[in-house]
Amino acid sequence: MLIVGAGVYGLIMAIEARKRGIKDNAILEKADEIGGTWPENTYPGVACDIPSHLYSMATHLKVSHQLRAIRSFHLMEAEQRPTF
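Numbering (the numbering used here), first residue to last: 155 to 238.
If you're looking for bench data, these hints aren't it; they were derived computationally from the structure.
For every residue, glycine included, the Cβ atom is placed at its ideal position computed from N, Cα and C.
FRET-style restraints, in silico, Cβ to Cβ: (1) Y197 <-> V158: 20 to 28 Å; (2) T196 <-> I166: 21 to 29 Å; (3) E187 <-> M155: 16 to 24 Å.
Take these sequences, add in the hints, and give me the full structure.
The structure is reproduced here in C-alpha cells:
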C-alpha cells in the first residue's frame with residue numbers, strides 16, 4: 155500500500171493498516187521530516203484552528219486537551235512518537 159504524505163492522517167493510515175495486517179506499505183513524504191503542515195508553519199503562536207479534542211489520535215498522540223487550540227510544537231512532538 156502506498157500512503158502519500160506523513161502528516162497526522164498519513165501516520166494514522168499507516169498505523170491502522172499495520173493493525174489490520176497490511177505490513178507491505180510505504181509512506182511518501184516531500185519534506186525532510188514528518189508532520190505535514192506543522193514543520194512548514196513555524197511563525198510565533200501558530201496553533202491548530204480546530205478544537206484540540208478533534209485533532210488527535212487517542213491511541214498514539216498524548217497531547218493535553220486542556221488547551222482549546224493545540225500549539226504546533228505539541229503536535230510535532232507527538233507526531234515524532236508513533237511506532238509502527
